[in-house]
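Number of protein chains: 2
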Amino acid sequence: MFYTFFQYNWQVRDEWLEWCKQLSEEELIKERIGGVGNILNTFLHIIDVEYSWIRAIQEKEDIAIDFSSFSTIDEVQSLSETYRNEIEAFLTNESIGNRNAIVTAPWMEGEFTKEEILHHIIAHEIHHIGQLSVWAREMGRKPVSANVIFRGLF
Amino acid sequence: MFYTFFQYNWQVRDEWLEWCKQLSEEELIKERIGGVGNILNTFLHIIDVEYSWIRAIQEKEDIAIDFSSFSTIDEVQSLSETYRNEIEAFLTNESIGNRNAIVTAPWMEGEFTKEEILHHIIAHEIHHIGQLSVWAREMGRKPVSANVIFRGLF
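Residue numbers (UniProt numbering), protein chains in the order written: chain U, 1 to 154; chain R, 1 to 154.
Rather than coming from a laboratory, the hints here were simulated on the basis of the structure.
Any given hint could turn out to be false.
If several chains are the same, the list does not tell them apart, and a pair holds so long as it fits within one copy or across any two.
Stated by the list, open to error - DMTMM-like cross-link-like pairs, simulated, lysine to aspartate or glutamate; straight-line CA separation at most 25 Å:
1. 142 / 31
2. 60 / 109
3. 60 / 88
4. 142 / 14
5. 142 / 109
6. 30 / 138
7. 60 / 31
8. 30 / 75
Input sequences plus hints: build the corresponding full structure.
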């Protein structure tokens, strides 16, 4: 079930990244109210949080994204794909393992379970995508569908 | 895992409903861009979709909510609690059963699996809550946290 939600998030993310190609670079980085403040940074934040937590689960060192080095959707797409290959391999090959294993992160106090962090990553992306959908309407544009059904996931 | 996501959604929803008590009735129904168009209807829509699909899974007749008969957060809270008691009993007592059982709905074409619909309900609420968080910031107010962690759910 975790994996299906990841697939859902990735499919929706890919559709949004394609959707963004109709926007100017100016629109991508235009300051907006709420969320991560602009469209480009919202995607970088989603990708960053997912990858950082997946690395934390694997007890690997954190790799920070330098947000300022990204200015186009192509660059964001490329980052998303690179990280996804790694995450996909982890989620499918090694499987989840002990769901109650303790996870800690260098950027945050606290001890979490692996299961908890997987839930957190999933909800985190859906939440930010919801914010994008409001910004899209504010720009007079139709957002990508958030439906889980009709995606061929099941 | 399904149940934990429902618990997360309910906890977040309850916090948002409490949060709404600082708003005037005018603010609750003020037309906003994106999503379901206003705050009150967003909650009614979330509650409606969750309950309708849970009934569809149980092969029970659909019960439509008359949105126009709700004007206060107390009324919405009361509806949310009434339906939740029923949904909670279903999710915990009968458990999920056959995840691949086919689900159909009178308001929509198509055949889905039970598992698919449970994913759909979960993502649906998180998505709309993300929209609320943008509207909150547009009102100059701090939204409820969307974090899964730090909620005592695990």
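Hint check:
1. 142 / 31: Close inside one copy (20 Å) and across copies (18 Å); limit 25 Å.
2. 60 / 109: Within one copy only: 17 Å inside a chain, 46 Å across chains, cut-off 25 Å.
3. 60 / 88: This pair counts as within: shortest intra-copy Cα distance 16 Å, inter-copy 38 Å.
4. 142 / 14: So residue 142 and residue 14 pass the 25 Å test inside one copy only (16 Å; across, 29 Å).
5. 142 / 109: Intra 39 Å, inter 23 Å, cutoff 25 Å: inter-copy only.
6. 30 / 138: Both, since 13 Å and 16 Å are each at most 25 Å.
7. 60 / 31: Answer is neither: 33 Å inside a copy and 47 Å across each miss the 25 Å cutoff.
8. 30 / 75: Cα proximity of residue 30 and residue 75: one copy only (17 Å, versus 39 Å across).
Checked against the numbered hints above, the structure violates only hint 7.
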